[in-house]
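Chemist: Each protein sequence line maps, in turn, to chains A and B. Every position in the first sequence, counted from 1, becomes a number in the working numbering once 51 is added. Every position in the second sequence, counted from 1, becomes a number in the working numbering once 384 is added.
In case anyone wonders, no lab produced these hints; they're calculated from the structure. Some hints could be false.
As the list claims (entries may be wrong) - Computed list of lysine-lysine pairs in DSSO-like fashion (alpha-carbon distance at most 27 Å, straight line):
no., chain 1, residue 1, chain 2, residue 2
1, A, K301, B, K391
2, B, K415, A, K60
3, B, K561, B, K407
4, B, K459, B, K608
5, A, K372, B, K469
6, A, K67, A, K405
7, A, K370, B, K601
8, A, K67, B, K593
9, B, K498, A, K370
10, B, K507, A, K370
11, A, K372, B, K459
12, A, K60, B, K414
13, B, K527, A, K445
Take a look at the letters that make up each chain.
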Amino acid sequence: MNINSLIAKTYIVSNKKLTAVAVLGVLLGMSIYIFMNSMMVGFDKSSASSVFKSTAHIRVYKDDEISKALIHLNNSKSLIINPKVVPINNTIINPNLVIETILQQKDVVVVTPQVNSNVFYNNGKSQISGLAVGVKPDEANLMYNIKSFMVEGNFDLLKSNPNGIVIGSGISEKMNLRINDNLNLTSSKGVNRTFKVLGIFKTNNSNTDKTKSYINISASQQLLKEGTSYITDINVNITDPENAEVIATKLSEITGYKAEGWKQANESLMAANKMRKIIITFVSLTILLVAGFGIYNILNMTVSQKINDIAILKAIGFKGKDVIRIFVTQAVTIGFLGVIGGVLMASVLITILKNVYVGGDIGYFPIDYEPIKYLQGIVIGLVITFFAGFIPAKKAANVDPVEILRK
Amino acid sequence: MNILETKNIDKYFHDPVEFQVLKNIAFDVKKGEFLSMIGKSGSGKSTLLYILSTMDTDYNGELYIDNQLVTGQTKDQLAELRNEKIGFVFQFHYLLPEFSCLHNVMIPALKLGKLPEKEIEEKAYQKLEILGLQDQALKSAGKLSGGQQQRVAIARALINDPLMIMGDEPTGNLDSKNTDIVFDIFQNLTKNYGQTIIAVTHDDDFAHKSDRIIEMKDGEIIKK
Numbered sequence: 052m053n054i055n056s057l058i059a060k061t062y063i064v065s066n067k068k069l070t071a072v073a074v075l076g077v078l079l080g081m082s083i084y085i086f087m088n089s090m091m092v093g094f095d096k097s098s099a100s101s102v103f104k105s106t107a108h109i110r111v112y113k114d115d116e117i118s119k120a121l122i123h124l125n126n127s128k129s130l131i132i133n134p135k136v137v138p139i140n141n142t143i144i145n146p147n148l149v150i151e152t153i154l155q156q157k158d159v160v161v162v163t164p165q166v167n168s169n170v171f172y173n174n175g176k177s178q179i180s181g182l183a184v185g186v187k188p189d190e191a192n193l194m195y196n197i198k199s200f201m202v203e204g205n206f207d208l209l210k211s212n213p214n215g216i217v218i219g220s221g222i223s224e225k226m227n228l229r230i231n232d233n234l235n236l237t238s239s240k241g242v243n244r245t246f247k248v249l250g251i252f253k254t255n256n257s258n259t260d261k262t263k264s265y266i267n268i269s270a271s272q273q274l275l276k277e278g279t280s281y282i283t284d285i286n287v288n289i290t291d292p293e294n295a296e297v298i299a300t301k302l303s304e305i306t307g308y309k310a311e312g313w314k315q316a317n318e319s320l321m322a323a324n325k326m327r328k329i330i331i332t333f334v335s336l337t338i339l340l341v342a343g344f345g346i347y348n349i350l351n352m353t354v355s356q357k358i359n360d361i362a363i364l365k366a367i368g369f370k371g372k373d374v375i376r377i378f379v380t381q382a383v384t385i386g387f388l389g390v391i392g393g394v395l396m397a398s399v400l401i402t403i404l405k406n407v408y409v410g411g412d413i414g415y416f417p418i419d420y421e422p423i424k425y426l427q428g429i430v431i432g433l434v435i436t437f438f439a440g441f442i443p444a445k446k447a448a449n450v451d452p453v454e455i456l457r458k
Numbered sequence: 385m386n387i388l389e390t391k392n393i394d395k396y397f398h399d400p401v402e403f404q405v406l407k408n409i410a411f412d413v414k415k416g417e418f419l420s421m422i423g424k425s426g427s428g429k430s431t432l433l434y435i436l437s438t439m440d441t442d443y444n445g446e447l448y449i450d451n452q453l454v455t456g457q458t459k460d461q462l463a464e465l466r467n468e469k470i471g472f473v474f475q476f477h478y479l480l481p482e483f484s485c486l487h488n489v490m491i492p493a494l495k496l497g498k499l500p501e502k503e504i505e506e507k508a509y510q511k512l513e514i515l516g517l518q519d520q521a522l523k524s525a526g527k528l529s530g531g532q533q534q535r536v537a538i539a540r541a542l543i544n545d546p547l548m549i550m551g552d553e554p555t556g557n558l559d560s561k562n563t564d565i566v567f568d569i570f571q572n573l574t575k576n577y578g579q580t581i582i583a584v585t586h587d588d589d590f591a592h593k594s595d596r597i598i599e600m601k602d603g604e605i606i607k608k
């Protein structure tokens, strides 16, 4: 073994208490860093997945238009008194072509048209107002993964039954509906139609469960007294939801309709996520930094204690960089032990929390072993311990042996 | 053959006031000499020793060790030179208390890295044997008596077979019995092993028994 490492090792082993305290500091800092950041990733994932149960990554629709001047003259300004939203249809013209165009774009995975209709659910005397979402069942399942939150019945049956409906669990409870029961819907256009309950879903978001139902897109069009080309929304899913805004802008340019990313549509949620991210990053980094100060302190103490040793080592031929190596080795060893302990500890904490049931639409605590966060923690932890060791080591390297030995 | 040679060495202390501690020091040391430097406190003998040891580089003049100009070399070069060619014994033993005596003796040789560890260990045992400490080899350095510790320090100084051993009051902390032991060891080393020794001392008896005395006063050599 190299003599510098041998000395470093002896210092570590002979001062077990100090070493243990320093290692414990790094261990705690590390584990809290990894744990908190994994938790943050879990939160983000869970909030995103709950958003994607009912929201597509990008929604393309026709925005309302404000009345414009009919004639534009080049060198004059038009003035419209009391401009209003133009009472035109908010349908997308030639939806099939638009869908095909969007499908040709890179990164686009699923494109599906959708027609929403505000309805009353009627069963006997009871009446609930809600939203019937007209979808193409296959594509809608690809997009929202509806099958994953079905509790009764079969979503696939919707394909073969134009009069089928899949309702939220809240509606089924309130109206006492079971599979194969009939349910009457009244639309805002006054159309009355009876549907057969094919399935019941439960998203754990009670507002959705109490109001939402899925029907075939053609049924929805009929409820609105419209033809088969009446499409209000085209929903788009892409490979990476993080790029939604960029692709939305592109789609908007290509199609001429308004395209909105999910982040834009859920701005307050995004702001809350961001705030959480800032707080967690700040707190966890501070904890790691405090652990670094712990090492710094302990090594500073060691250097002061060992000042005679350092002087004699320099006298008998150790160079400045040898002395630095001795103390940095000591710091990095402490850092390494702390990092290993921290990784284990973080894994234990995450395992425990993973199995805690919190209920609601979250279920089990949304946390997982995030390899990237582990890696980040390890790198940051080692860098901090390196510098926490380097500064006192530098001080030790600059010790003038004559000053110490002449005392 | 000259092992060490100085030419016109001057040294100034700048703090708190400018003060010349060494004036025009010029002398040389031959191989196998047992040389004592004496003088009152403040005469500059310790200061001179630290210049000779290459640890203090803030001086004017020239210093030759082994016929090579040492003045002006970098700190790292000087560290290597000390490692290989100079052994140190101080008033206080300065052993590393966490290590065994054997390891303390081995450290300079491990640093030099010319021999495999096994051979260094054998050599360290030999040196400890010369100093009558072979039984204590595996004890930790902190557990020995003062005289034994000083002898371990001497063994450490010898491990790399240096050109010379420099001592700063090597017997300053020892009782008369241990002083005699250390002196006998030094004498034995010069007589039987041809070792060169330069020691600063307050102890006139010790000095008069040595081969040669350099007496200093107010920064000058008054007797070679």
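Chemist: All hints, please: hold or fail.
Modeler: Tested hints:
1. A:K301 with B:K391: Outside the cut-off at roughly 84 Å; violated.
2. B:K415 with A:K60: violated (39 Å)
3. B:K561 with B:K407: Violated, because 37 Å separates the two Cα atoms, which is more than 27 Å.
4. B:K459 with B:K608: Outside the cut-off at roughly 30 Å; violated.
5. A:K372 with B:K469: Holds, at about 20 Å.
6. A:K67 with A:K405: violated (35 Å)
7. A:K370 with B:K601: violated (34 Å)
8. A:K67 with B:K593: Given pair K67 of chain A, K593 of chain B is violated - Cα atoms ~48 Å apart, limit 27 Å.
9. B:K498 with A:K370: OK: K498 of chain B and K370 of chain A at ~17 Å, within 27 Å.
10. B:K507 with A:K370: holds (24 Å)
11. A:K372 with B:K459: holds (11 Å)
12. A:K60 with B:K414: The hint is violated at about 41 Å.
13. B:K527 with A:K445: violated (31 Å)
Against the hints set out earlier in the document, violations occur for numbers 1, 2, 3, 4, 6, 7, 8, 12, 13.
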